[in-house]
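Chain A is already provided as a structure; the job is to place chain B on it using the hints.
Line by line, the protein sequences give chains A and B. Just so you know, we're using the working numbering here: the first sequence kicks off at 137 and counts up by one. Just so you know, we're using the working numbering here: the second sequence kicks off at 2 and counts up by one.
A few of these clues could be false.
Said to hold, decoys possible - Which bits of chain B does chain A cover? Going by a derived footprint, with three or more residues having C-beta under 8 Å, they are:
(1) 12-18
(2) 94-100
(3) 105-117
Claimed, not checked - From the derived model, a few chain A residues whose C-beta atoms are all more than 12 Å from chain B:
(4) E239
(5) D309
(6) G340
(7) A377
(8) E428
What the hints assert, rightly or not - Below, a sample of chain B positions facing chain A; criterion: calculated Cβ distance under 8 Å:
(9) M2
(10) A5
(11) V7
(12) E286
In case anyone wonders, no lab produced these hints; they're calculated from the structure. Since this is a predicted model, take the numbers as computed values, not measurements. Here a beta-carbon is modelled for each residue, glycine too, at the ideal position from N, C-alpha and C.
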Amino acid sequence: MAATSPAIQLEHVTKRYGNVVALDDLSLSVQEGVFGFLGPNGAGKTTAVKILLGLTRATRGSGSLAGAPFGSKASLGHIGYLPELFRYQSWLTAREVLALHCELARIDHAKWTTEIDRTLGTVGLADRGTSRVGTFSKGMQQRLGLGVALLDDPAVVLLDEPTSALDPVGRHDVREIIRALRQRGTVVFLNSHLLSEVEQVCDGVAIVDRGKVIAQGKLDELLGTSSVLVRASGLSREGRAAIARFGELDDGADGAITVRGIDRERIPDLVSAIVGAGARVYAVEPQHETLEERFLRLLGQ
Amino acid sequence: MTPAIVVARQVVREAARRRLLLALILLTIVVIALTVWGVSRIDDLRNAGQPLPDPQKKTIVSQLLILVMFMFSWVLSLAAVFIAAPAISGELESGIALALLARPMSRAEYVAGKWLGLVALVIAYGVTAAIIELVAVQIVSGYLPPHPVEFLGFVIGEGVVILTFALMLSTRLAGMVGGVIAAILFGIAWMGGIVGGVGAAFNNATITHVATATKLILPTDGLWRGAVWSLEPSLVIAAQSGLGPAVAANPFFAAEPPPAAYVVWAVMWIVAMLALAVWSFRSREV
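So here's chain A without its partners, still in its complex pose (with noise of 0.2 Å):
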């Protein structure tokens, strides 16, 4: 892959089911590190991954997956993917199964036996590698399925949903593979609506609602608008104005105001303001927005 083309591409993909339009006008790229897909259900999430593996064909626009045209043969040689229906054979060993990927992957055959261990025992499952797949809780069906996506060091992963099986160790697991997967230069496409789980592994992120993308940048210029909590005493009525003037202001129960919307930068003015103001400060607390808070004020908008 030439260091120049983007690992993922779409650019203004619309995809409509009769009159229901899934994707409207996508664009996004995704040249390195772990990228966050993020939308509550039906946002188009899943249609969006879909196309990318030619898995559905996008009504219109194009773009590019590991190099290749998205949907291409060659797209799909050096990828990994979690589909978010998992399901395996249940008649085949979990070995089987990876054996089986191994094949249409066109692994080497040498390197199978090395490559299934190693997968095993990446996602916790080396001691079950002889029992069939029926056998399996959904969890375990899941890491079986990450294994899968994880086979033979694929440029580019693409998981869907990846933890919703999980409970809250296999989701921790999930994302310490997740960051090695980054620590190996791998591209890491993450789709999922939980909000923490991005938060906690994604360089950059995109919102997506009703099929539009309705945000997109780096995790911390997404989050990038921060509020500080500052706690006070003898405030008065002129001293809120001037405070005002920094952000939107909200009084929590405690006493404490919460200033937000306000500039990192300027935090040291607000504080001069306040005692300018004649008000004895205690505490000032930068606060970050979180994702689930910067997420819910932009699907409210």
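Below, chain B alone, put in the same frame as chain A:
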């Protein structure tokens, strides 16, 4: 190995692991044991205290064999429908197909692989069961039908026709729906063969044309007639043919094999149906 072969191997493996092959083998052994027992009793039959003359015994064995083989062909065809109808739709519904189709494998390779695997199953079961049955009957009665190889060809052809049709339906319809449609059409084609015989007997052109159409639309019964013909000793053909044109309606009798052109038609039909399946699945969104 090409992706189609990988997929085909999975079809066979699934049938083996899900104990489908085991069930078929056990039931077939039961049927074969019953036939062998039945055939062995023919020697004990008496007509006015006298054992039956050889030609009569031969006729009875051949008719019994045709009935048993009809059951075989029926089991083979319907089993093919049951396995082929959910072969693709089932994997789409469960989600198994999603991870597979995201590999560098074309839709055509996936469909071809499913078809190859199913054909391998039909051939494996058809050939094994028929050979065991024919050999067992020959050991017990000394009777071997005149065209055993042709018989295998026709019966397997019938199975492949119906499985290809069910597989094509599977690219669009749920297994249950495709299976019911294929089974009903299989029955209609069989009825069409009988109706065509009636039309021939009464010189009714309309009925004959309708029957010919069913024979062309789904060439299962046409091939079955070839299988029946392969099992008939010449004395049965001579005796039945003497009964007049109405015997053409008998689904267990054929005075002559299907013409070569019909066999060519059946092969072309299979190829065209497979092409239709590929085209249909290519345009399917999963």
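These are the hints, each one checked on the structure:
1. Look at the segment 12-18 of chain B against chain A: 3 of its residues bring a Cβ nearer than 8 Å to a Cβ of that chain, three or more, so the hint holds.
2. Counting residues of the segment 94-100 of chain B whose CB lies closer than 8 Å to any CB of chain A gives 5, so the stated coverage by that chain holds, three being the minimum.
3. Counting residues of the segment 105-117 of chain B whose C-beta sits closer than 8 Å to any C-beta of chain A gives 3, which meets the bar of three, so the coverage hint holds.
4. Chain B draws E239/A into its interface by the beta-carbon criterion, the shortest separation being 5 Å against a cut-off of 12 Å.
5. With a least CB separation of 20 Å from chain B, D309/A remains clear of the 12 Å interface cut-off, as annotated.
6. The Cβ of G340/A sits about 23 Å from the closest Cβ of chain B, beyond the 12 Å cut-off, so the non-interface label holds.
7. The Cβ of A377/A sits about 59 Å from the closest Cβ of chain B, beyond the 12 Å cut-off, so the non-interface label holds.
8. Separation of E428/A from chain B is adequate, the least Cβ-Cβ distance of about 29 Å exceeding the 12 Å criterion.
9. Interface restraint check: M2/B against chain A, minimum CB-CB distance 7 Å, threshold 8 Å, status holds.
10. For A5/B, the shortest C-beta to C-beta distance to chain A is roughly 11 Å, which exceeds 8 Å, and the interface hint is violated.
11. Against a cut-off of 8 Å between C-beta atoms, the interface hint on V7/B holds, since the closest Cβ of chain A lies about 5 Å away.
12. Taken as an interface hint, E286/B checks out: its beta carbon lies about 5 Å from the nearest beta carbon of chain A, inside 8 Å.
Checked against the numbered hints above, the structure breaks hints 4, 10 and satisfies the rest.
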